[in-house]
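Whenever a hint applies, use it, and build me the whole structure from the sequences.
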Amino acid sequence: MNGQPLKPWLAPLALIGLLAVMGFVLPAYHHNNMARILVLAVFAMGYNIAFGYTGLLSLGHALFFGAGLYAAGLAINQGGVTAGLALGLGLLAGGGVALATGVLALRTAGVSFMIVTLMFAQAGYLLLLYFGAFTGGDEGFVVARTGRVLGGFDLTTDGPRYGLALGLFTLAILGQTAIVRAPFGRVMVAMRENSARAQMLGFDPFRTKLIVLVISGLYSGVAGAAYGILFGYVGASFAAIQYSILPLLWVLLGGSGTVLGPFLGVFIMFYLIDLSSSYTSAHLMVVGVALLVLVLFAPRGILGGLRKRWGTWLA
Amino acid sequence: MAGIGLLETQGLTRHFGGLRAVEAVDFTLNTGQIHALIGPNGAGKTTFVGLLCGRVPVQAGTIHFDGQDITHMPAHLRVRAGIAYTFQITSIFRGLSVFDNVALAAQRPSRHDLGAATKHILHQVGLESQINQQADTLSYGHQRLLEIAMGLALRPRLLILDEPTQGLSNAEITGFKALVRAVVPQTTVLLIEHNMDVVMDLADQITVLNMGQTLATGTPATIQANAAVQSAYLGG
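Those protein sequences? They're chains S and Z, same order as listed. Read in order, the letters of the first sequence are residues 1 to 315 in my numbering. Read in order, the letters of the second sequence are residues 316 to 551 in my numbering.
Since the hints were derived computationally from the structure, they do not count as laboratory data. As the structure is a prediction and not an experimental result, all values here were calculated from the model. Note that the Cβ used here is the ideal one computed from N, Cα and C, for glycine as well. It cannot be assumed that every hint is accurate.
Said to hold, decoys possible - Facing chain S, a subset of chain Z residues (Cβ under 10 Å, in silico): (1) F331; (2) C368; (3) R370; (4) A390; (5) H391; (6) L392; (7) Y400; (8) G410; (9) D415; (10) A418; (11) L419; (12) A420; (13) M465; (14) L469.
Shown next as structure tokens:
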């Protein structure tokens, strides 16, 4: 982290440039896919900040994603707010729910932390179903078109949708790079490696982890809000356990504790499912085999393995 | 002695089940001195300093640091108050670089000259040429030095060193002794040490622990002459 202060920014900036070019050349089908991948990558980066860098193995991030999704969707449909405000509300909802969860869940660590976060997320999911009259329950609801316009751009069309997704992704990846390169990022890694030792250097483990969880919640919340606004649907399945497991798998696949890993994980998993489902209905089995191969041959994830071999600039 | 004690304990006690690891210890640490804590294996030395730095919760008794009652203060706040502890079993961040290990200790409260301060401390302990190496690739002796560098980087008022020379070569021990002499009297040093040459060479005061209790306290000369100490420990 000393010396060469520009180096860690090169890889993310190159990726942003590449994605911007792709926005002009991709065919419609992949254009839409990439917009989804970019928004989900923001979610994955939020997870990576908590799990990859700080070692907080949460099984409840669907709660933060869902909080952002529902805050934005309900604010648009029930409150008639604009897309910009809805994004802001989603961001705050994710951060706020993460704060409330963290204050309680961070009294535990390790396996207990996994179980407590899982329980919070399940409680959130069941609340969505219980208040079905308000939330649309199982079926969810379609986001009103009036809330899918930002600055005069119709977010239901390809260009603006990709543009907003890429804009959020850019802010998220630059934010992530800045956080992990700052002195605070060093403390995050210290908490992951040995939190008792970090405490003996004067750092408060509870406070550090709570700040990290809130940042992670902000990422997850704004990703959820953007997902609802860009793709027009809000449903309880996005708050179900699958959306707590997915970010963990994305991050493990791409390389946990790396800057580009979350994007790479989402990208590969998305297209793995997409391609295999056109050949077989057992596409989840293909994903399962891919994950087994990963665990056996690249336990640090794709970028983690490459970084070990070719140097830290990949981080 | 009164008035110059940096740290004082009264009736400090910690039992583990039936084991009286530390039993009613009254202890005073004078400002600016090197104070050695010696005693046979299992005498309660590490538990005692664990109580001082907050790693082990206190069962009974009190600890005052610089006039403030810190008996129940969380460990990270004691570090901020000026108590640094270096681990007996090397506890560096193995996956981080040498620089990052020391920078972690030096960066709080936040400072602009972090890079320079970190390099200065690494120069002090003689690790500046390994600055970008990953910590777990260092030799054992160098890992011990890195542990000490992390303690120094905290700019403590009290530095607790738990068996710092264990595994060091003779040349490294000579360097270590010079290092410790250089930090006093700005920093007070509490030293747990088995190497009697190091203890007799460095210490202004020695406290002997045995079975969790204080057996004797005094200068190196009086401790060496103490009959009880000789029978319990020095093998008289």
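Going down the list of hints, with the structure as the test:
no.: 1; hint: F331; result: 18 Å, violated
no.: 2; hint: C368; result: 7 Å, holds
no.: 3; hint: R370; result: 7 Å, holds
no.: 4; hint: A390; result: 5 Å, holds
no.: 5; hint: H391; result: 5 Å, holds
no.: 6; hint: L392; result: 8 Å, holds
no.: 7; hint: Y400; result: 6 Å, holds
no.: 8; hint: G410; result: 6 Å, holds
no.: 9; hint: D415; result: 6 Å, holds
no.: 10; hint: A418; result: 6 Å, holds
no.: 11; hint: L419; result: 5 Å, holds
no.: 12; hint: A420; result: 5 Å, holds
no.: 13; hint: M465; result: 7 Å, holds
no.: 14; hint: L469; result: 7 Å, holds
Of the numbered hints stated above, the single one contradicted by the structure is hint 1.
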